[in-house]
Amino acid sequence: MDFPEDLRYTSTHEWASAAENGVITIGITDFAQDQLGDVVFVELPQLGDQFEQGDPVAVVESVKTASDIYAPTKGTVVEVNSNLEDSPEEINSDPYSRGWIFRLAIDSTNELSDLLDAKAYRLNAVEE
Amino acid sequence: MDYLPHTLEDIEKALRTVGVRDVEDLFSDIPKALSNPEINLPSGMDEDTLLRHLKELQNQNSTDQPCFLGGGIRHHFFPSVTQQLASKPEFLTAYTAYQPEVSQGLLQATFEYQTMMSELTGLPISNASMYDGATATAEAALLAARATNRSKVLVSRGIHPETLEVLKTYLTPLKISLEVFELDGLTSSIPFVDKDTACVIAQNPNFLGYLESVPNLVEASHKMGALYVAVSDPVALGILKPPGSQGADIVTGDGQTLGNPVNFGGPSFGFLLVSERLVRQMPGRVVGETVDTEGQRGFVLTLQAREQHIRRGKAKSNICSNHQLTALMATINLAALGPQGLQEIAEQSVLAAHELADKLSRVGITVRQESTFFNEFLIETETSPLKLRQEFSLRGISAGIPVPQTFNFGNASILAATELTTKEDIDALLKAITEIELSK
Amino acid sequence: MKTLPQKRSNFAGNYVPLIFERSRPGRRASRPPIRRTGNVSALLGTDNVRQTPPRLPEVSELDLVRHYTALAHRQMSIDGNPYFLGSCTMKYNPKVNEEAARMFTKLHPYQDPRETQGALRLLFNLQTSLAELTGMNAVTLQPAAGAHGELTGMLMIKAYHQSNGEEDQRRVVLVPDSAHGTNPATATMVGYEVEEIPTDINGEVDVDHFLSALGPHVAAIMLTNPNTVGIFETKIMELSKAAHSFGAQLYYDGANANAIVGRARPGDMGFDVVHLNLHKTFTTPHGGGGPGAGPVGVKRHLKDFLPTPLIGKEDGQFTADYSVPQSIGRMRSFYGNFGNLVRAYTYIRALGKEGLRGVSTMAVLNANYLRVKLVEAGYEIAFDRINMHEFVARPPSGFKTIDIAKAMLDYGIHPMTVYFPLIVKEAMMLEPTETESIESIDRYAEIMGNILREADADPDYLSTAPHATPVLRLDEVRAARHPKLRHTFPPQ
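Residue numbers (the numbering used here), protein chains in the order written: chain W, 51 to 178; chain X, 2 to 441; chain F, 172 to 663.
Since the hints were derived computationally from the structure, they do not count as laboratory data.
Some clues are possibly wrong.
Label-pair ranges, simulated between beta-carbon atoms [claimed, not checked]:
{"#": "1", "chain 1": "F", "residue 1": "Gly336", "chain 2": "X", "residue 2": "Asn217", "range": "42 to 50 Å"}
{"#": "2", "chain 1": "X", "residue 1": "Glu180", "chain 2": "W", "residue 2": "Asp56", "range": "14 to 22 Å"}
{"#": "3", "chain 1": "F", "residue 1": "Glu192", "chain 2": "X", "residue 2": "Asp197", "range": "44 to 52 Å"}
{"#": "4", "chain 1": "F", "residue 1": "Ser212", "chain 2": "X", "residue 2": "Val280", "range": "33 to 41 Å"}
{"#": "5", "chain 1": "F", "residue 1": "Arg556", "chain 2": "X", "residue 2": "Glu10", "range": "20 to 28 Å"}
{"#": "6", "chain 1": "X", "residue 1": "Glu277", "chain 2": "F", "residue 2": "Gly487", "range": "55 to 63 Å"}
{"#": "7", "chain 1": "W", "residue 1": "Lys169", "chain 2": "F", "residue 2": "Glu610", "range": "55 to 63 Å"}
In silico negatives: residues of chain X with every beta carbon more than 12 Å from chain W [claimed, not checked]:
{"#": "8", "residue": "Tyr4"}
{"#": "9", "residue": "Arg17"}
{"#": "10", "residue": "Leu51"}
{"#": "11", "residue": "Gln85"}
{"#": "12", "residue": "Glu295"}
{"#": "13", "residue": "Val301"}
{"#": "14", "residue": "Leu304"}
{"#": "15", "residue": "Arg363"}
{"#": "16", "residue": "Val364"}
{"#": "17", "residue": "Glu383"}
{"#": "18", "residue": "Phe410"}
Straight-line Cα separation of at most 16 Å, EDC-like style, residue types lysine to aspartate or glutamate; simulated pairs [claimed, not checked]:
{"#": "19", "chain 1": "W", "residue 1": "Lys114", "chain 2": "W", "residue 2": "Asp84"}
{"#": "20", "chain 1": "X", "residue 1": "Lys432", "chain 2": "X", "residue 2": "Glu371"}
{"#": "21", "chain 1": "X", "residue 1": "Lys176", "chain 2": "F", "residue 2": "Glu303"}
{"#": "22", "chain 1": "X", "residue 1": "Lys153", "chain 2": "X", "residue 2": "Asp185"}
{"#": "23", "chain 1": "X", "residue 1": "Lys315", "chain 2": "F", "residue 2": "Asp646"}
{"#": "24", "chain 1": "F", "residue 1": "Lys406", "chain 2": "F", "residue 2": "Glu364"}
{"#": "25", "chain 1": "F", "residue 1": "Lys524", "chain 2": "X", "residue 2": "Glu39"}
{"#": "26", "chain 1": "F", "residue 1": "Lys266", "chain 2": "X", "residue 2": "Asp3"}
{"#": "27", "chain 1": "X", "residue 1": "Lys388", "chain 2": "F", "residue 2": "Asp283"}
{"#": "28", "chain 1": "F", "residue 1": "Lys470", "chain 2": "F", "residue 2": "Asp646"}
{"#": "29", "chain 1": "X", "residue 1": "Lys242", "chain 2": "F", "residue 2": "Glu551"}
{"#": "30", "chain 1": "W", "residue 1": "Lys124", "chain 2": "W", "residue 2": "Asp84"}
{"#": "31", "chain 1": "F", "residue 1": "Lys277", "chain 2": "X", "residue 2": "Asp47"}
{"#": "32", "chain 1": "X", "residue 1": "Lys176", "chain 2": "X", "residue 2": "Asp197"}
{"#": "33", "chain 1": "F", "residue 1": "Lys655", "chain 2": "W", "residue 2": "Asp157"}
{"#": "34", "chain 1": "W", "residue 1": "Lys114", "chain 2": "F", "residue 2": "Glu366"}
{"#": "35", "chain 1": "F", "residue 1": "Lys655", "chain 2": "X", "residue 2": "Glu277"}
{"#": "36", "chain 1": "F", "residue 1": "Lys266", "chain 2": "X", "residue 2": "Asp49"}
{"#": "37", "chain 1": "F", "residue 1": "Lys406", "chain 2": "F", "residue 2": "Glu366"}
{"#": "38", "chain 1": "W", "residue 1": "Lys114", "chain 2": "W", "residue 2": "Asp164"}
{"#": "39", "chain 1": "F", "residue 1": "Lys412", "chain 2": "F", "residue 2": "Glu366"}
{"#": "40", "chain 1": "F", "residue 1": "Lys266", "chain 2": "X", "residue 2": "Glu48"}
Please read all numbers here as calculations on a predicted model, not as lab measurements.
Cβ coordinates follow ideal geometry from the N, Cα and C atoms, glycine included.
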């Protein structure tokens with residue numbers, strides 16, 4: 051199972067990229083997509099929606115379950131991956147790249163340092 | 002009478018296997034204080050005695066007399082084949098299709114139901130049915146509030162008053178405001194729609210029987226970004242314009258007239274259809290087409306992630322069941338009638354009602370005909386509506402739904418006629434009403 | 172040697188076209204009476220009339236019959252197959268109940284009450300009987316389903332708190348983590364927040380957690396007894412006393428009433444509101460998913476909030492009673508699912524007091540018998556002890572519940588409830604009900620045992636089951652990703 055070193059992780063199985071021009075990209079991890087099974091639908095947030103750290107932002111549905119995706123840090127939605135409307139399976143096949151879900155504009159990177167690195171994520175969240 | 006197969010030997014064997022001496026040992030967890038309360042119920046009956054008892058109850062009812070009652074529920078012609086097929090034990094005693102491989106019968110029938118309702122209403126997506134027209138309409142209002150993120154619902158006075166009551170019950174706890182816009186004569190006025198309005202709800206034909214001008218109502222709704230919910234009479238849709246083609250976003254209504262007996266008001270089913278973009282907000286079960294591992298076509302319950310058994314607290318509704326069997330009966334009945342048969346029933350109902358209205362007018366009863374009506378209409382009388390209904394009843398006729406005071410019509414009653422209404426029925430009604438109302 | 176079920180064709184063959192695919196223009200099955208002529212378009216106005224007819228099927232009566240008969244052959248049912256679905260109470264649906272229902276189908280709800288005294292009397296008696304059986308003071312027959320009954324009950328609780336000026340204070344509903352999904356969904360529909368209480372290792376509600384979760388902010392606790400894992404909540408009196416000391420209301424989900432009918436009553440346990448599932452305990456037919464009926468009983472202090480109409484009696488006449496002072500309003504049109512109310516009434520009169528008690532006796536005996544047979548067959552029991560009408564099991568390690576369930580279909584038995592409750596991994600919930608014979612239970616357990624052994628002989632078999640059903644495993648992912656929810660007619 052793959053957990054890229056350059057990303058940060060939450061215990062609720064989201065990954066967040068480093069900030070580029072104050073914007074971070076968020077998706078779900080390889081572990082999460084494997085647990086969910088085939089993704090059938092993604093409920094995306096609206097552009098401009100604002101969230102605190104830990105707020106539910108999106109929903110990823112498989113046939114048998116629906117999982118909330120939480121904001122890893124406080125921020126405002128500036129972009130959503132609308133490809134997922136027609137091809138939700140990208141979350142399964144390419145969770146870290148084509149399967150990205152939404153992008154947040156953030157004020158500060160303080161909350162980012164709360165997040166787990168790849169090694170810590172693997173230990174805490176996956177091998178439980 | 003009971004349905005237990007257990008002989009004494011069976012019970013002994015079971016007790017031995019389980020490892021207890023007496024069945025009562027299996028209930029030792031129940032505290033003594035709660036066990037074996039005094040229950041005041043009579044003892045059971047054998048089947049013959051039971052049926053005699055029920056017949057006694059049946060004899061205290063009057064049916065098989067001329068009936069001019071509508072109000073969302075009507076006697077229509079249902080061919081015998083409908084009842085025979087719908088009451089097949091495989092349909093009657095089946096469970097929900099959670100194991101689709103052994104439920105293709107009902108899943109396919111539901112897919113056919115969804116298609117037929119879509120054809121009738123002009124909207125692409127139907128769920129697998131709901132409890133009744135009233136709750137379906139309430140769920141539609143909740144849907145509109147979710148989809149638009151607004152918290153006001155405008156509803157025409159012209160909808161069935163019981164539907165209005167159910168709307169109030171469902172919307173109040175969620176603090177969604179409900180405003181009624183009144184009639185202008187026999188049909189709806191155009192409501193004042195603003196950007197807080199989630200949806201506008203109106204019924205066509207309305208509760209009094211008259212046709213609404215749907216395009217105007219749709220326009221007023223859409224202009225301010227509100228959805229339009231068209232509460233519809235499914236038999237009338239055999240000849241009326243489908244609300245989907247008039248711009249309705251959601252269509253609801255009660256399906257009793259499509260193939261279920263009147264049954265003292267239930268069970269029937271509610272139908273709910275939506276436009277494409279609302280599908281993920283739609284409550285209730287829905288059946289979709291797919292293939293199996295050999296590529297053969299099959300059907301499954303789908304989009305289940307909206308529902309309570311997965312989303313639990315975040316579900317679109319708490320609804321668990323649908324009204325599968327009564328929806329099936331409508332499906333079979335529609336297939337038995339076909340488009341022509343449905344059209345004939347609708348047309349004959351219109352003609353019967355207009356003949357009745359005409360004849361009543363001629364004998365001097367005030368019939369409101371200045372607006373177009375379908376198969377129900379208003380009469381105004383000196384006799385109070387409840388008394389009128391009672392007087393009809395004493396003469397062996399079931400007629401006269403009192404128009405509630407909220408409509409501001411004074412002494413008014415609604416009469417209905419269908420393809421089953423004979424000339425003799427009408428003559429009997431005329432004779433009766435002449436005695437009751439005109440011999441003063 | 173392979174003795175696994177091979178694919179057999181049923182009478183319908185393997186392909187059943189849609190009714191629309193059997194359709195031919197101009198065919199029709201049935202003709203309504205034509206008594207009048209006239210120009211309907213003129214009467215209604217051509218603007219109001221549709222230009223093209225709806226594309227309903229055009230079939231002969233024989234084709235209609237063949238079609239729905241073919242569909243019936245592709246459908247499992249209680250009449251055909253045992254369904255040991257936990258939490259569903261799939262007991263036998265007596266045929267006399269159907270005969271009873273047919274006697275009352277022609278009544279219109281708006282007939283003058285003097286024309287419907289028989290029906291109203293039946294409903295009145297049913298109200299009384301259900302109140303007696305549950306130990307409650309008043310009953311509404313209006314709710315159309317269990318979930319609808321839950322909504323009704325929770326709305327009354329909300330109205331009650333409102334009448335005490337405590338609506339704003341009481342925002343939370345407590346629900347066990349083993350609860351049916353309708354419980355939290357209902358609480359949300361009424362505007363409450365939901366908090367889950369864990370189940371302890373014995374399968375009962377964790378009392379310490381329960382007590383610490385209680386407070387003046389709690390509006391209600393929704394429980395079922397016996398609980399979802401089939402175990403009686405022995406501390407129910409303590410729980411109800413604690414709840415009431417904080418002014419919270421106790422709601423009883425009647426899904427498991429079959430275990431205690433006739434021998435214990437939720438009213439006596441301290442519940443303030445109760446709903447019953449007539450399609451479970453009182454054997455109204457499931458109809459493939461509905462209609463059911465979910466009457467609700469309440470204690471005296473909640474009577475004024477009941478939905479209207481109730482069935483009342485005045486001067487010897489039965490009436491629709493709208494005089495409920497602070498009614499929550501109407502839950503649905505007319506009186507409720509009357510056809511099912513007739514069936515339930517008939518069942519109660521047929522069994523009587525002793526017969527109803529016999530139901531719970533045999534339901535619990537059968538369930539325990541099945542549990543022991545299942546252990547013999549190689550399964551594990553989640554809470555291994557004497558249970559009530561249902562219990563939770565698990566396959567031995569290495570097996571998946573979904574695969575076993577699919578394999579059971581090949582043997583013509585309907586599998587148990589799968590993956591519920593959520594608190595047990597690979598859960599299998601089984602409820603045989605009282606109407607199954609010992610041989611039926613023996614056979615069911617034997618088949619479940621055989622499946623484990625066959626999987627040893629052919630591991631692929633299980634993961635690709637079923638093999639002998641009208642269709643094989645269906646692509647549910649495809650159905651959800653690209654929903655096709657109606658038939659599309661080929662272009663003209």
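We went through each hint and held it up to the structure:
In this structure the supplied range 42 to 50 Å holds for Gly336(F) paired with Asn217(X), their Cβ-Cβ distance being about 45 Å. Under the hint 14 to 22 Å, the C-beta atoms of Glu180(X) and Asp56(W), about 55 Å apart, miss the expected range. Distance hint check: the CB atoms of Glu192(F) and Asp197(X) are about 47 Å apart, consistent with the given range 44 to 52 Å. Taken as a hint, the range 33 to 41 Å holds for the pair Ser212(F) and Val280(X), whose Cβ atoms sit roughly 34 Å apart.
Our hint of 20 to 28 Å for Arg556(F) and Glu10(X) holds, since their Cβ atoms are close to 26 Å apart. Between Glu277(X) and Gly487(F) the CB atoms are about 57 Å apart, so this pair conforms to the stated range of 55 to 63 Å. In this structure the hint that Lys169(W) and Glu610(F) lie 55 to 63 Å apart at CB holds, the actual value being about 59 Å. Once the 12 Å rule is applied to beta carbons, Tyr4(X) is consistent with being away from chain W; the minimum gap is 35 Å.
Against the 12 Å criterion, Arg17(X) stays outside the reach of chain W, whose nearest CB is about 41 Å from its own CB. Residue-level check passed: Leu51(X) sits 44 Å from the nearest beta carbon of chain W, beyond 12 Å. Residue placement check: Gln85(X) keeps its beta carbon more than 12 Å from all beta carbons of chain W (closest about 37 Å). For Glu295(X), the non-interface assignment is confirmed: its Cβ lies about 19 Å from the closest Cβ of chain W, beyond the 12 Å cut-off.
Some Cβ of chain W comes within 12 Å of the Cβ of Val301(X); the nearest lies about 9 Å off, and the non-interface call is violated. Not every Cβ of chain W is farther than 12 Å from the Cβ of Leu304(X); the closest lies at roughly 8 Å, contradicting the non-interface assignment. Under the 12 Å C-beta cut-off, the non-interface status given to Arg363(X) relative to chain W holds; the minimum distance is some 61 Å. With a minimum CB-CB distance of about 62 Å to chain W, Val364(X) clears the 12 Å threshold, and the non-interface call stands.
Residue-level check passed: Glu383(X) sits 60 Å from the nearest beta carbon of chain W, beyond 12 Å. The non-interface label for Phe410(X) is consistent with chain W: the shortest C-beta to C-beta separation is roughly 46 Å, beyond 12 Å. About 13 Å separates the Cα atoms of Lys114(W) and Asp84(W), which keeps this hinted pair within 16 Å; it holds. About 25 Å separates the Cα atoms of Lys432(X) and Glu371(X), which puts this hinted pair outside 16 Å; it is violated.
Under the criterion of a C-alpha separation no larger than 16 Å, the hint pairing Lys176(X) with Glu303(F) is inconsistent with the structure, at around 36 Å. With a C-alpha separation of about 22 Å, the suggested pairing of Lys153(X) with Asp185(X) is violated against the 16 Å cut-off. Distance hint between Lys315(X) and Asp646(F) is unfulfilled; the C-alpha atoms sit about 26 Å from each other, more than 16 Å. Pair hint Lys406(F) plus Glu364(F) does not hold up; C-alpha atoms about 25 Å apart against a cutoff of 16 Å.
The suggested pairing of Lys524(F) with Glu39(X) holds, with an alpha-carbon distance near 10 Å, which does not exceed 16 Å. Proximity of Lys266(F) to Asp3(X) is assessed by CA-CA distance (about 12 Å); at most 16 Å being required, the pair is judged to hold. Distance hint between Lys388(X) and Asp283(F) is fulfilled; the C-alpha atoms sit about 10 Å from each other, no more than 16 Å. For the hint linking Lys470(F) to Asp646(F), the alpha-carbon distance of about 48 Å lies beyond 16 Å, and the restraint is violated.
The hinted pair formed by Lys242(X) and Glu551(F) fails the criterion: a straight-line CA distance of about 60 Å is larger than 16 Å. Our distance criterion of 16 Å between C-alpha atoms is broken by Lys124(W) and Asp84(W), whose separation comes to about 27 Å. With a C-alpha separation of about 26 Å, the suggested pair Lys277(F) and Asp47(X) falls outside the 16 Å cut-off, and the hint is violated. Between the alpha carbons of Lys176(X) and Asp197(X) the distance comes to roughly 13 Å, so the proposed pair stays at or under 16 Å and holds.
At roughly 44 Å between alpha-carbon atoms, Lys655(F) and Asp157(W) are farther apart than 16 Å, so this suggested pair is violated. The straight-line distance between the Cα atoms of Lys114(W) and Glu366(F) is roughly 23 Å, outside the 16 Å bound, and the hint therefore fails. For the given pair, Lys655(F) sits about 11 Å from Glu277(X) by alpha-carbon distance, which is consistent with the 16 Å threshold. Pair hint Lys266(F) plus Asp49(X) holds up; C-alpha atoms about 13 Å apart against a cutoff of 16 Å.
For the suggested pair Lys406(F) and Glu366(F), the alpha carbons sit about 20 Å apart, so the restraint of at most 16 Å is broken. Annotation: proposed proximity of Lys114(W) to Asp164(W) is violated, straight-line Cα distance about 32 Å (limit 16 Å). Distance restraint check for Lys412(F) and Glu366(F): the Cα-Cα separation of roughly 20 Å exceeds the 16 Å cut-off, and the hinted pair is therefore not satisfied. As the CA atoms of Lys266(F) and Glu48(X) are separated by approximately 10 Å, the hinted pair is consistent with the 16 Å bound.
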